[in-house]
Each structure stands twice: as structure tokens, then as C-alpha cells.
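Asker: Fit the two chains together into the complex; they arrive one by one in their own frames, and the hints show the way.
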Amino acid sequence: MADTATAQRTVKFIITRRDNPEAASYTEEFEVPYRPNMNVISALMEIQRNPVKSDGSSTAPVCWESNCLEEVCGACSMVINGKPRQACSALIDRLEQPIRLEPMSTFPVVRDLVINRERMFQSLKKVKAWIPIDGTYDLGPGPRMAESKRQWAYELSKCMTCGVCLEACPNVNDRSTFIGPAPISQVRLFNAHPTGEMNAYERLEALMEDGGIEGCGNSQNCVRSCPKGIPLTTSIAAMNKDTTKHLFKKWLSL
Amino acid sequence: MKGNSYLPRKLHSLLGVIPLGLFLIEHALTNYSAFEGGQEGFMASIDFLHGMPLVFFLELFVIWLPILFHGVYGLYMAFQSDLNVGRFSYSRNWAFALQRITGVITFIFVAWHVYDTRIQLALGNTTYEELGNHMHDIVSNPAVFTIYIIAVLAATFHFANGIWAFLVSWGITIGPRAQKVSANICMGIFVIVAVLFLLSLVAFRGDEFEGAAALVAATGR
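Chains as they are written, first to last, in numbering that gives the first Met the number 0: chain X, 0 to 253; chain W, 0 to 220.
Think of the hints as simulated: they come from the structure by calculation, not from any bench. Computed from a predicted model, the values in this text were never measured in an experiment. Just so it is clear, CB atoms sit at the ideal spot from N, CA and C, and this is done for glycine as well. Hints may contain errors.
Computed Cβ-Cβ distance ranges for the label pairs, DEER-style [stated by the list, open to error]: (1) 253/X / 175/W: 38 to 46 Å; (2) 56/X / 68/W: 56 to 64 Å; (3) 175/W / 132/X: 53 to 61 Å; (4) 35/W / 223/X: 39 to 47 Å; (5) 103/W / 253/X: 36 to 44 Å; (6) 252/X / 148/W: 32 to 40 Å; (7) 111/W / 223/X: 45 to 53 Å.
Dumping the calculated EDC-like pairs for lysine to aspartate or glutamate here, alpha-carbon to alpha-carbon at most 16 Å [said to hold, decoys possible]: (8) 9/W / 204/X; (9) 9/W / 209/X; (10) 9/W / 208/X; (11) 125/X / 27/X; (12) 52/X / 27/X; (13) 11/X / 27/X; (14) 9/W / 241/X; (15) 11/X / 64/X.
Same shape as in the complex, but just chain W (with noise of 0.2 Å):
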């Protein structure tokens, strides 16, 4: 790449912690409401969210174009780096090992989730009514469920080890203890938000959203 670099790798490490990380967190709260409340409190969340103002602009500006970006520019970060841990087996070496390796992992499946969720909505294959029960269909397969485990899993720590590389970039954790002390919280992120998606997951997976979308519909006509 010619040029500077300094300022799109600055606003990499900006747009992955705002707003990408913030909207990680919003989908795991959503989510997990589908735990907590079963159907009744997803579609809560899920009318919350849908009567905010300016919708189409937030998702434009706040998911959309920063994912591009970040995606595009960390798979160009991913390819300058090489993976060395078979020499430098430190904890730190694998968390960057992993964090693009991860990085990898969520950039595919993010493609592919919001080709089978949000696109699937805007193309009118199924509504905002039916998406508890579309995705009961996407994760009742086993397959696709694992694939979901192991996504969940790359995003989140992809997430967590960002906000601790993200704290060094911008010089806020600076000396040894900092950054180690950071670590620990950001590991803690990872379990946090980790165990908040694999119980949402659970939760679609129930029979409670079998045919639910049915019954809502029913009701809501």
C-alpha cells in the first residue's frame, strides 16, 4: 500500500472498539434476551431497536461501513503478518496469532450471517416477526450450530484482545503491569460476552421458538 498507513491503521484500531465493539455488545444483549425473555423479550429488543430514529443511517454508519473497512484493511493486516509461534511460543505471540487468525474466521462468517439474516429480511424471505423462528431453522441444524459455536467464540475474542491491543495503540496502557493488568480485563470481556452468545444460541435452539413466529402472527393479526 502506498502512502501513510498511519491513519487508516489508527481508525482500524478506532472503528473495531467504536463502533464495531459497541454493536458487538448491543447483539449479545439483544440475544441474550431471547434467553431471558424467550420470545416475548427478543421481539422486545428486536421492536426497541427497529423504532429507533434514523435506522437505515445508523446501521449505514455505525455497522455497515465501519465493518467494511475494518474487514477489508484487517484481511490486508492479516496477509502483511506472519504466524511465528511455533518459534515464539509466548501468550502474547498467540494472541496475535489468534486475534488474526480470528480476525479471519468473523470477516467469513459475518459475510456470510448477514447474507442469511439481514439480507434474507431486506429481500422480504422473512420478517422481523419470524426472525426468532429463522433463526431456530439456521441453528437446529448441527453443523451449522458448531459453525455458530466456533464464530462466536473467534468474534468475541477477536473483540476483547482488540480493546487490549487498541489500548496500546493509543498509548493508554503503557508500561508492563498496565498492559497486563488489561489483559486480565479483557480476557474477562471475552468470558462475559462469550457465555452471553453461546446461551442466546441455546436459547434459538428451544422449542419455544419452533413455531413461535406462527403464533405471534396468529396473535398478531
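If we strip away everything but chain X, and leave its shape as in the complex, we get (with noise of 0.2 Å):
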């Protein structure tokens, strides 16, 4: 009884696709069979088993990346109904349907959904998000980190690179150089560290050269759509500081 009323229900799509990086994108439209407890990822599993279109006839299956299916990787991002977000926690019951599914063009898209997110971690390593620890002989224990400072810094910590923030933010583009709002939030954290902050003025000069800090147009669209909801405009204005009195600090040779 449940199994013949449940096949009635379908989960409408209209999914974004392009057939490889130079290709242009088309729509094409699905319908899923509704089972309850559904995601976008299990209705793109779906698709990936059955890969008809709503009309009846067949197309490849559609390409998706995902690893963690519980929102700390950032592999599945992609727009949902406008919005830029995890496929894995977006959940087909809480959807408008039909439900849009398109690519984060704010990256290169590879194929379909997959999109290639490089830039970010090009970003880490411009600005040196890690603690260089790394000498010819044992340096010891480093400092301590205060508790209280460890707690707000676990916050900056959740940032998984998933490319949400840059894909929200209008000043991430093909006219722009601004590396996006998650690469700053970084420079915070590792700034934070009792023995990162060692090299905190490295992290702060790679935020003033071209494409750093001085991108952010205050839009504040990245705070308002972090999955970890990390504080990244706060962090944004705390490096602003920091970059300004770096700025008077080399102007005066302090």
C-alpha cells in the first residue's frame, strides 16, 4: 500500500549541464521518484541509475562531485534554487520544487555540476594559511593558546574551501583579482595562533598585494551564506585593521 502511494510522487528538476569545459551549458529536465528522507544527492544517485529525462527519453548521467554526504568537505557545493550551498545537506522535503541544480560558475565548471576549485587553495598557499613549524633541529613546544582565544578560533576553523562565500560574493569574477572572503578569514586564524602569529606580517603583506583584502566590497553576502557560519565579515574588518596598522607601521619603519 505505502510502495503504490509513494510512486506517485515524483521530485521535479531542472538541472544545468554542460558536456565539458568549452561547451555551452543547456537545461534538462528530470523526474525522481519521492522517497521520503531524500537529498539532492540521493536524487542525483537517481538520475545516475535511470538517466531519462522527463520526456521520456535517455541522456547521460548527470556528473556531480560528493565525499563526506555531512557537510564538512565542501566537494558537493552547487547553486540550489539560486542559492549556493551543499547537495548532501539539502534536503528534497524542505526544496521548492522543481528543484534548480546548477553549477558554482563562479569556478571553471569541468562537466555538469563539477566544478573545479583550485583558486581557493591557490589562495591558502598565497597567503600562508598554515604554521611553519618545520626546522633542522626540535624548536620545542610553542606558546600556549588562551582558551578563550581557542574557542572563537575553532569558529574560523570550520572553513572547509567549499567556495560558497565566493560564489555569493559580487566581487569574486572574471574582471576581478579578489581571492574571496575565505583565504582573509584564514590569515585570522593562523594570525591567532600563538606561534603562527610569529609570522603574522607575511600573511598580512600577501592581503596587500593585488587581489588581497582590498577586494572586499562589503556586499556581506559571504556571512549570510557560510554553511559553518563563520563570522567572515568580522574577520574581513579584524584583518582590515591589522593590514592598516601594518600599513602605518612600515610607512613609520616601527
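Answerer: Following this line, the structure appears as C-alpha cells:
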């Protein structure tokens, strides 16, 4: 009985597709049988099993990326009903239909919903988002971090480089070199670390180069979009303060 | 743009508040003297400004060069931004979009307004004594009056919201609460300065400024 009741229900999808990075994009419509507690990933798996469009004609299965399925890896980020977010935590029951899936086109589209987020990792290298602890001899234990500081720093460490903040930012596009909100917040994280702090100026100077923190236009879409609730705009303003201080210190040779 | 864009952007932010923001307030107060003191009050304000020492260099370094840099670099910044208020219709994103739209409106308006007033003055087509009358002629045209109202609101919003962004970009307001408070204060500044400009526009339309230049010219000689 339950089977017949659920078999009648379907979930409608309009998916933006692209066959290869150079090809033009097009949309295809799908209807997937409804099951309770579905998310966008399980619906995409259904399309993969049975790649048939709404009009009954068959097509190539839709490509997407996903790993953790618990919103901590960022791989399945895509634009769902106009908003960038993770497909794994996008529950069908909470989405308006037809559900529109698009790739986060701020990034180079590889195929269908698969994007190349390499620029995010390049940005992390650019701002030196790590703690340098390697040496030719044992440097001993570093200074301790206050628990009160660790608690807010932990919030910043939740960043999974998913790219949602870059997709939401109006200043991240082909005409600008802005690295986006995520790496700026990482500078704040690593500059807060007692050992990382020793190289704070290197990260600040990376933010003061072309494409650095000046690219922020304060639209604050990033903080509204971040799936991890990272206080990105607070991080950006704090780094504005630190880079401004650094600028004057350099001028005055302090 | 090649090279380091951090300094030009920082300079752009600073020039928008000092000196351009201060000039805008001065301009609003001078114009408002036309509403408060009529022709006489307006003339007194103009005499005061005209009597300032090194007035040419003040204009050059406090108004013209900063406007040129702020305007041209601002157009470049606007060109680099996408407007995505359709997808992200949050109030701050609207302010972001409006900051760029009002910036472009203000840039075009200022170019025309300077040509229509300051350059006409320099060419000798009008005089300091006739400025009130000159403004009366300009804003008596209903279409031009409408353009002036739109431009004044655009410039004032750009100024007020620019202060908010300045406070963030220089790391003065950091947390969400500080930014919320400064946003409210800046919108208050927007309303006050806009009202000053609008009242002076209304004053310039009044009969007092119609034949006033002739009157002053007559009594002056």
C-alpha cells in the first residue's frame, strides 16, 4: 500500500548541464520517484541509475562531486534554487519544486555540476595559511593558546573551502583578481595562533597585494551564505584593521 | 590593473570621506543658507568661501584632484563588481549595489554640474553675484529639477554609505554590532544632508532668486 502511495509522487529537477569546459551550457528536466528523507545527492544518484529525462528520452547521467555526505568536505557545493550550498544537506522535503541545480559558475565548470575549486587552494598558499614549525632541530613546544581565544578560533577553523562565499560574492568574477572571503578569514585564524603569530606580517602582506583584501566591497553576502556560520565579515574587518596598522608601521618603520 | 591595488583602493576610501565628504557637507550648508537666509544669506556664504586664502589651491587639492581620482578609480571599481541582488536580496547587498549605481550617477552629474556652474563662472558667462539667479534658471526647468533631486539623493546616499564602508575598510567597526550601529548613524546622516540639499533646491526655485541678481547688481553699483 505504502509503495503505491509513494510511487505516484515524483521530484522535479531542472539541471544546468555542460558536456565539457568549452561547451555551452543547457538545461535538462528530470522527474525522480520520491522517497522519504531524500536529499539532492540521493536524487542525483537516482538519475545516475536511470538517466531518463522527463520527456522519456535517455541522456548521459548527470555528473557531480560528493564525498563526506555530512556537510564537512564542501565537495558537493552547487547552486540549488539560486543559492549556493551543499547538495548533501539540501533536503528535498525543504526545497521548492522544480528544484533547479546549477554549477557554481564563479569557478571553472569541468562538467555538469562539477567545478574546479583550485583557485581556493592557490589562495591558501598565497596567504600562507599554515603554521611553520619545521626546522633543522627540535624547536620545542610552542606557546600555549588561551582557551577563550581557542574557542573563537575554532569557529574560523570550520572553513571547508567549499567556495560558497566566493560564489555569493559580487566582487569575485572574471574582471577582478579578488581572492574572496575564505582565505582572508584563514589569515585571521593563523595569525591568532601563538606560533602562527610569529609570521603574522607575511600573511598580512599577502593580503595587501593585488587581489588581496582591498577587493572586498562589503556586500556581506559571504557571511549570510557560509554553511558553517563563520563570521567572515568580522574576519575581513579585523584583517582590515591589522593591514591598516601594518601599513602605517611600515611607513613609520616601527 | 597591474601592480599593487591595495594603496589606490585605500586612498580611494580615504579621499571619499576626507576631503570629499567634508566638501559635500560644506556644499550642503552653503546651499542651505539660501533656504535659511535667502539671497542675502546665500551671498554671505559665497563671499565667505570666495574670501578664503589660496582659494584656487584649496579648490584644486581639496575638490578637483580628489574628485578626479575618486571618480575615475570608482568607475573602475564599479566595472569590477557584479550586481547580484536578484539572487542575494539582503539589505547590505542592496547597499553594495546602490553604492556603485549612485556612484556612477554622481560621477555623471558632477561632470555636468561643474560644467554648468563652476566652468560657466570661469568662462565669465555668470558671476558670483548672479549665482543664485543662475541656479534659479537651472532648477526652474522641471526636468532639470527632477534630475537634480535624483542626483542629490544619489550623491548623499553614496556619501553616507561610503562612511559606513570607510569605517569597515579601515578596521574601525569590526563586529556585527558596531557595523549595525554605524549603519544606523550613516542612514541618519543620509537623511539630514539630503534634506539640506532638497530644501536649498526648493529655495532656489523661489521668486526671491528670480530677479535677485539684477537687484544686487543694481544696489552693488
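Asker: For this structure, which hints from the list above don't hold up?
Answerer: 1, 3, 6, 7, 11, 15
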